[in-house]
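Now for the letters of each chain:
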Amino acid sequence: MTTITYIEHDGTEHVVEAENDSSVMRGAVDNGIPGIDADCGGECSCATCHVIVTSNWMEVVGRPNDTEESMLDLNPEREPNSRLSCQIVVSDALDGLIVNLPEFQM
Amino acid sequence: MNQLATKNPFGEDPWSMPLADIDVSRPELFQTDTLWPYFERLRKEDPVHYCADSQFGAYWSITKFNDIMAVEKNHQAFSSAWGIVLPDRPEDFETPNFIGMDPPKHDVQRKTVQGVVAPANLAKLESTIRERAATILDSLPLEETINWVDRVSIELTTQMLATLFDFPFEERSKLTYWSDMATSGELAGGPTPEPVRRKALLECLEVFTKLRDERIEQPLATDLISMLAHGEDTRHMEPMEFLGNLILLIVGGNDTTRNSISGGVLALNQFPDEYQKLRDNLDLIPNMVPEIIRWQTPLAYMRRTAVEDVEIGGKRIEKGDKVVMWYVSGNRDEEVIDHPNDFIVDRPNARHHLSFGFGIHRCMGNRLAEMQLRVLWEEIMQRFHTIEVVGEPTRVQSSFVKGYSELPVRLHARA
Ligand code: HEM
Ligand code: FES
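Protein sequence lines correspond, in order, to chains A and B. Position 72, counted from 1, in the first sequence is what our numbering calls 72; the numbers after and before it change by one each time, with no gaps. To convert a position in the second sequence, counted from 1, into our numbering, add 106.
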């Protein structure tokens with residue numbers, strides 16, 4: 001189990017024990033955290049699981065690959081640390097990870 | 107409900123006819139609502155199906171949810187650049203736009219207009235849409251048969267389009283007319299003769315060109331014409347490309363939302379227990395909205411063209427083949443969606459449907475469409491106990507736009 005903190009746009013924090021090898025998206029959805037829609041169910045093809053990774057975690061989490069980049073790129077409100085959370089695999093290395101949720105998913 | 111009935115306008119039995127003879131692209135199947143058993147059989151017996159001969163030529167049908175997702179994701183092999191509807195583009199009247207483009211051009215053009223439906227802009231639009239919905243609903247007579255399609259679905263979507271474009275409000279019915287012309291052409295199996303269609307679209311171009319020329323003189327505003335006029339990558343668009351993008355935005359935001367508005371009323375009438383569930387708990391509206399959009403599937407399919415040989419569902423698709431992703435079938439795929447033929451207002455995971463497509467072409471207006479439907483249903487439920495469907499709906503003759511031209515209803519006020 002790996003501890004992940006999701007911070008909603010209004011500042012509400014949710015601390016979750018996520019299962020290794022699942023995704024940061026699943027960690028939120030399975031624990032009923034609002035603000036991640038995940039319409040496509042984790043296929044990297046809807047971009048409604050958008051999160052903004054806190055800067056000091058970016059190096060560990062890594063950059064999006066090309067497919068993810070092409071989906072993220074459709075969002076005019078993306079930020080430099082934006083990721084699609086269904087594409088971030090949970091592992092021990094991410095223990096303590098903090099991600100921010102955007103105001104809206106689109 | 108006789109959705110799964112097998113009688114159809116061709117006098118054939120979809121369950122026993124040779125698989126090879128099945129042609130699900132025939133508009134008559136949609137007009138008579140007899141499409142369902144064909145797709146049910148294909149999903150069971152031949153989920154990636156080849157039709158060698160149709161009025162649109164040969165094409166592949168993709169009928170299962172997960173296969174459709176796989177095609178959506180693979181835009182390298184399945185191109186949109188040959189068009190996204192079954193008929194090929196008429197070479198002497200091409201109206202290019204980004205739904206029919208591949209990266210990188212697609213991405214660049216989409217980004218120019220995406221801002222108009224960004225959440226911040228939507229929040230601003232919401233109060234306008236609520237006011238207009240309220241005005242329309244308040245003008246309706248009670249206990250009298252009316253055509254819901256004309257009085258509400260068309261009127262509301264037209265007003266919304268006029269708002270998005272900041273189009274002269276009094277002339278807004280032109281938008282609906284152009285939208286209908288764009289989608290009802292004879293080449294797509296519809297009733298409108300091609301010359302009539304072209305004339306209407308050229309008129310559309312003329313009117314919008316004037317508006318664009320006016321807006322380029324003014325500072326950038328949040329309406330679509332202003333965005334196209336000022337956008338780095340869109341300001342110098344050729345006339346036919348400008349027209350193509352106008353048609354995309356007019357049609358994209360029109361028929362689809364219109365038919366979701368009508369479809370929701372029909373669904374609640376076919377599933378009266380669900381209507382009661384909704385009356386008992388209005389907080390279900392935001393969840394009901396994507397369920398309406400799934401159940402209706404306002405666009406029955408999108409087409410792709412294979413640009414390399416590629417295998418899908420065990421079948422070999424060859425370079426150049428037309429591939430049709432039947433959302434209307436994938437949305438009823440029992441392997442992914444529980445009780446797919448039922449309309450369930452509190453369905454878990456209701457947004458996991460195909461009606462908006464997936465991947466880089468995923469509907470740009472999906473949040474706008476949902477917002478409109480949510481606001482409308484909030485206003486409806488405050489006013490009416492029941493919108494009672496009192497006659498058979500008349501369906502549109504198209505295998506692409508899945509919708510209604512008539513839905514007779516009577517309104518009963520809330521006690
Ligand atoms: C319930 C209503 C709607 C439905 C069912 C719907 C459905 C779709 C579908 C199926 C696609 C193509 C997806 C693909 O090729 O994979 C699409 C694309 C698009 N839609 Fe919608 N749509 C709706 C409402 C709207 C609205 C209100 C707008 C207005 C802004 C809009 C604008 C667009 C645009 C611009 C595209 C092209 C996106 C691209 O190619 O990148 N749609 N829509
Ligand atoms: S869940 Fe759809 S892209 Fe992540």
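Hints were generated in silico from the structure; no laboratory data involved. Any given hint could turn out to be false.
To be verified - One-sided and incomplete, this derived list gives chain A residues near chain B with beta-carbon spacing under 8 Å:
no.	residue
1	C46
2	W57
3	M71
4	L74
5	E77
6	E79
7	N100
As the list claims (entries may be wrong) - Pairwise CB distance ranges, derived in the manner of DEER restraints:
no.	chain 1	residue 1	chain 2	residue 2	range
8	A	E103	B	P210	40 to 50 Å
9	B	P210	A	G32	47 to 57 Å
10	A	D21	B	G497	33 to 43 Å
Beta carbons are placed, not taken as given, at the ideal position from N, Cα and C, and that holds for glycine.
Which of the numbered hints above does this structure break? Per hint list: 2, 6, 7, 8, 9, 10 violated.
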